[in-house]
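Going down the list, the sequences are from chains A and B. For the first sequence, my numbering assigns the number 261 to the initial residue and increments by one for each residue that follows. For the second sequence, my numbering assigns the number 261 to the initial residue and increments by one for each residue that follows.
Keep in mind the hints are simulated off the structure, nothing from the lab. Glycine included, C-beta positions come from ideal geometry on N, C-alpha and C. One thing to keep in mind: the hints can contain errors.
Stated by the list, open to error - Ranges of calculated distance between the beta carbons of each label pair, as one might list FRET restraints: (1) S831(A) - V315(B): 26 to 36 Å; (2) T449(A) - V315(B): 47 to 57 Å; (3) G295(A) - S706(B): 25 to 35 Å; (4) Q426(A) - A661(B): 43 to 53 Å; (5) E718(A) - S831(B): 49 to 59 Å.
2 protein chains.
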Amino acid sequence: MATVNTKTGQVVDRTVLESMLRRRLFYTPSFEIYGGVSGLYDYGPPGCALINNIVDLWRKHFVLEEDMLEVDCTMLTPHEILKTSGHVEKFADWMCKDPKTGEIFRADHLVEEVLEARLKGDKEARGQKVVVDEEKEAKKKKKAKETKAVRLDDAVVKEYEETLAQIDNYDGPELEQIITKYDIRNPTTDGNLLPPVAFNLMFQTSIGPSSNMPGYLRPETAQGQFLNFQKLLDFNQQSMPFASASIGKSFRNEISPRAGLLRVREFLMAEIEHYVDPEGGKKHSRFEEMKDIELSLLSRDVQLSGSTQTTKMTIGKAIESGLVDNETLGYFLARIQLFLLKLGVDPAKLRFRQHMANEMAHYAADCWDAELQTSYGWIECVGCADRSAYDLTVHKNKTGAPLVVREPRAEPLKIEEWQVDLDKKKFGPRFKKDGKTVAAAVEALSQELREKLALDLEQQGKIEVDVEGVSSGKVELDKELIKIEKRTRVENVREYTPNVIEPSFGIGRILYSTLEHVYWSREGDEARGVTIAPTKVLIVPLSNHASFRPLSHRLMMKMRRMGISNRVDDSSASIGKRYARNDELGTPFGITVDFQSVKDNTFTLRDRDSTKQVRASEDEILQALKSLVEGDETWEDIRKRLPEFTGQEVD
Amino acid sequence: MATVNTKTGQVVDRTVLESMLRRRLFYTPSFEIYGGVSGLYDYGPPGCALINNIVDLWRKHFVLEEDMLEVDCTMLTPHEILKTSGHVEKFADWMCKDPKTGEIFRADHLVEEVLEARLKGDKEARGQKVVVDEEKEAKKKKKAKETKAVRLDDAVVKEYEETLAQIDNYDGPELEQIITKYDIRNPTTDGNLLPPVAFNLMFQTSIGPSSNMPGYLRPETAQGQFLNFQKLLDFNQQSMPFASASIGKSFRNEISPRAGLLRVREFLMAEIEHYVDPEGGKKHSRFEEMKDIELSLLSRDVQLSGSTQTTKMTIGKAIESGLVDNETLGYFLARIQLFLLKLGVDPAKLRFRQHMANEMAHYAADCWDAELQTSYGWIECVGCADRSAYDLTVHKNKTGAPLVVREPRAEPLKIEEWQVDLDKKKFGPRFKKDGKTVAAAVEALSQELREKLALDLEQQGKIEVDVEGVSSGKVELDKELIKIEKRTRVENVREYTPNVIEPSFGIGRILYSTLEHVYWSREGDEARGVTIAPTKVLIVPLSNHASFRPLSHRLMMKMRRMGISNRVDDSSASIGKRYARNDELGTPFGITVDFQSVKDNTFTLRDRDSTKQVRASEDEILQALKSLVEGDETWEDIRKRLPEFTGQEVD
């Protein structure tokens with residue numbers, strides 16, 4: 261994907277948008293007066309209002325509407341938890357250091373950059389047209405030295421292309437081989453680099469005054485939710501399925517972040533952990549409501565075939581055909597789409613992409629990303645992963661906490677199994693202080709071993725069992741001490757570890773992508789983005805004449821009390837200029853206060869997108885605004901029922 | 261303050277309340293299945309809903325109502341910023357380590373604990389009654405060894421009491437002296453302790469892959485706001501005064517936190533930085549609206565006299581009499597009170613306490629705390645500090661960024677001053693490469709020095725100026741090179757660094773204190789806490805009869821769409837039990853679904869506080885609930901206009 265065209269045919273110009281967003285303080289680099297820190301951004305008033313509106317909508321759409329259990333867990337997380345979850349070992353990128361300049365490169369990005377530059381040089385040397393990939397270009401901090409038009413052997417081109425296609429799959433030693441084999445160096449200085457080393461992406465700190473409790477800032481909100489599973493299940497009166505949800509900051513110590521709001525070191529996430537019985541096909545009771553919703557799907561198979569062609573399909577059909585694994589996963593994909601469309605996302609720039617097997621996080625069993633198309637390419641904004649029983653299982657095994665569901669069986673289950681009886685009375689005197697250790701080792705024997713040992717015991721009258729740490733590591737038990745028999749056990753309660761379906765939203769990415777979609781689809785397009793507009797109404801007095809002030813003030817106070825965010829702009833700029841400034845801030849409606857208003861308390865209400873106006877009494881205008889902001893009526897509805905106003909052109 | 265009595269005469273029993281709050285998952289220790297970490301708590305669903313409601317109300321009451329500029333800045337903060345702000349040096353507590361056990365004590369708390377125990381022992385020995393201070397008791401993790409009834413000299417008693425009265429004022433070396441002088445040891449083992457060392461309370465980390473950017477988790481949201489001052493002033497079109505506001509987590513690596521939600525290592529803050537012209541008495545344009553509001557004030561002078569007697573006074577009078585310094589500070593004290601009362605705080609348990617001079621943070625010029633009375637004593641929940649121009653000045657000096665306001669003067673200011681003219685043409689050849697350094701040193705001369713040098717120059721024809729790093733550190737300048745004259749300069753623009761008034765809210769502390777107030781004031785008291793109740797309505801079908809289910813479901817969905825949070829409880833417990841369970845969760849209203857409902861679609865609406873019920877049609881009941889939840893009507897209003905229902909007793 262090279263250039264993105266909008267519905268209105270405009271070419272997306274990121275420079276223009278980003279400069280506007282910074283100028284209007286949607287966001288701004290953090291600590292800029294101290295030189296800034298890459299990957300850290302602050303949100304200013306319009307950005308904050310947008311974030312708040314997105315979070316608000318998310319909470320209504322998911323937490324309230326689906327009765328999820330919201331929790332707020334700490335970001336500080338002790339080492340042991342993230343060691344158990346696998347993050348200490350696996351949440352890492354490979355980096356290479358230039359020993360001369362001290363520069364640090366993310367190894368996979370470096371290989372990509374250098375090989376692509378060489379392929380580009382090869383194409384130039386062959387006289388072929390070079391297509392610029394904006395997404396890749398945007399990732400480069402500094403331009404490498406000018407591409408050299410050097411022709412490569414056909415075999416080398418093929419090797420490079422194969423390497424690039426698999427770039428996400430290499431581990432450190434493999435990256436090291438590639439770097440050596442293709443003589444990859446610092447692109448700016450041509451200096452040699454040290455071999456790749458793993459760099460953990462979690463921010464480390466120390467909890468408390470002694471240094472014996474290392475900890476991290478969480479890389480996701482999920483772990484806190486999992487650790488509370490048992491309490492949440494209790495809170496839900498043991499009823500399954502249910503979901504917990506959490507909104508909060510997470511952290512990722514990127515090696516060299518770029519690409520603005522899309523790759524940052526501190527970010528707001530909204531995550532749902534939906535706990536479901538792994539048996540019975542992971543059905544969802546409200547799937548019926550979703551089944552006819554059509555999604556653009558990009559499956560794993562299509563990607564393997566080298567294509568990025570999406571298929572339009574109802575989620576019902578996608579599940580019938582086995583493309584999407586189960587109803588619960590499908591239900592959430594559809595709900596995610598509804599949420600994104602409510603925000604104002606352009607449906608033509610939304611797709612669901614299935615993860616490749618080697619691309620998934622270490623905990624995931626399956627995963628679909630909701631991706632939004634932007635000038636940076638297709639950006640993962642929501643992940644929807646089936647984390648299976650991975651997390652609950654590892655935490656259960658580590659702590660012994662019963663992170664399981666226990667439910668009465670409709671029909672008792674009969675299980676044939678090899679059972680062990682120990683004669684505890686004789687056991688103590690025989691093994692003294694080791695008695696418990698030996699008993700525990702015996703209890704832990706597998707069914708297979710028990711079957712074999714039962715036979716040995718019958719044939720030889722005694723058996724040998726491995727017991728770590730007791731005498732030579734082997735302990736002899738005879739028929740007086742132990743009995744092993746096949747019996748039937750009746751289980752009335754079923755115990756299982758739920759699987760977790762996890763829709764996980766990157767709020768900053770959604771915000772940025774939606775801004776791109778809304779910004780480039782204004783003219784002639786249906787009103788979008790009203791839901792999340794930071795300020796809903798601009799109050800514009802015709803001039804700064806004293807008689808307008810009490811009216812502006814009264815409108816402002818009345819709307820504040822109605823919960824409609826508004827601003828008065830009584831600066832001396834022309835009305836047209838004031839509207840233009842607020843159009844940039846995304847303010848969808850404007851009220852003009854003029855001399856007629858002073859006389860008869862009527863006001864003009866202006867719609868940003870159509871620039872049409874209506875005129876009515878104060879009460880009618882306020883009621884219309886409430887109705888528009890709450891989504892009960894559209895501008896078209898208002899225009900039909902209130903008299904149009906054309907007397908005064910403000911644009 | 262020993263025991264807290266509620267309005268209803270009940271004695272506050274913290275054990276009962278805290279156990280209920282944990283059982284109902286208002287909050288819970290984080291990582292409990294891993295053994296927990298002191299000072300870290302997670303909020304469960306009702307706690308989260310309460311926090312969200314408080315934040316919501318805060319945003320409406322302050323940000324929206326007063327048109328503040330909300331920002332969201334990163335928590336990760338580079339070292340240099342917090343070095344400049346003074347936190348690296350001064351945001352620390354003193355701690356003593358027991359070299360044998362490895363235990364770490366906060367030095368001031370330790371001195372307090374030991375001396376108080378000795379004073380108690382002395383009283384016992386003298387046969388006096390010992391009054392237990394619950395606040396102090398609650399701070400102790402383990403009980404020290406049994407108090408010994410040892411009588412002390414009268415002089416020693418006096419010394420101990422004086423030391424305790426000043427305990428907040430001692431620095432490390434002073435604490436060391438006290439510990440040595442009074443032979444203070446580990447209270448449990450009697451072992452000797454190492455001398456106190458400063459422990460910085462910020463969590464340290466490292467930003468990026470190299471270790472050359474140390475950073476901290478912010479101890480307050482304020483610094484991020486200050487660093488954006490210039491951009492915010494631009495956003496506000498250079499108009500003063502204005503306020504920025506921020507809601508977010510901050511961190512404090514407490515030495516040994518206890519006291520539940522009141523002293524935690526990660527906490528939600530809501531902070532306002534109101535920027536005001538230091539000249540003109542810091543007036544506030546909306547002060548008139550607040551002036552008649554009465555506050556309970558505990559002044560510095562009263563505290564110095566050893567009393568804790570508050571004075572009731574309107575904020576207008578408090579400013580007239582000079583007790584509260586200025587209108588802006590007073591305006592915010594009144595607004596803070598209005599906010600806390602809206603939340604449901606008991607007005608009898610709210611006071612404003614002025615900080616003692618030695619108690620204020622390193623940046624504060626004056627400070628009043630809104631304190632709420634709880635079973636832990638009077639707890640600081642909101643600080644309202646005048647930070648003067650401290651922060652903006654230090655950041656300006658460090659970075660050179662113009663964190664100032666520039667405004668045209670109504671009347672140009674004429675300033676008589678000694679001005680220096682240098683003959684730059686001759687200057688270069690004379691000093692060669694040092695020319696600029698010498699010129700800069702001359703420009704930097706103070707008015708006093710200039711006056712003296714002007715006289716020298718006239719009398720001797722030459723002067724000597726200190727210039728560091730040039731020749732011997734002194735440079736001679738004659739009349740050919742320099743002229744110094746008294747002239748009048750006209751200044752049309754005034755430049756000043758604003759002062760900052762900072763209301764700073766600890767949301768967790770407010771939550772806990774409000775819960776105590778609401779929990780113990782239910783019977784016979786006006787309805788309080790409805791505003792922040794996590795769930796507003798409980799839907800209770802009479803039984804789990806199938807005919808009730810569609811009705812419950814319809815009510816639930818309708819209310820969700822109306823934004824009224826509700827839950828259905830169709831468990832098999834009796835109606836009375838189900839209501840009791842939800843009374844604990846603070847659910848203020850209940851709807852009963854019964855056989856009559858199935859017939860005629862009427863429902864019973866129950867008020868938790870009065871346990872009275874009304875009955876009406878579905879639409880009427882839903883409309884009444886909306887009105888109650890949005891605060892448009894009280895239960896009394898509803899009771900007057902809808903028919904009472906007494907047919908069915910549910911309690």
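We went through each hint and held it up to the structure:
As the Cβ distance of S831(A) to V315(B) is approximately 32 Å, the hint placing it in 26 to 36 Å holds. The beta-carbon spacing between T449(A) and V315(B), approximately 50 Å, falls within the hinted interval of 47 to 57 Å. At roughly 32 Å, the beta carbons of G295(A) and S706(B) sit within the given window of 25 to 35 Å. The given range of 43 to 53 Å is respected by Q426(A) and A661(B), whose C-beta atoms sit roughly 47 Å from each other.
As the Cβ distance of E718(A) to S831(B) is approximately 53 Å, the hint placing it in 49 to 59 Å holds.
In summary, this structure violates none of the numbered hints.
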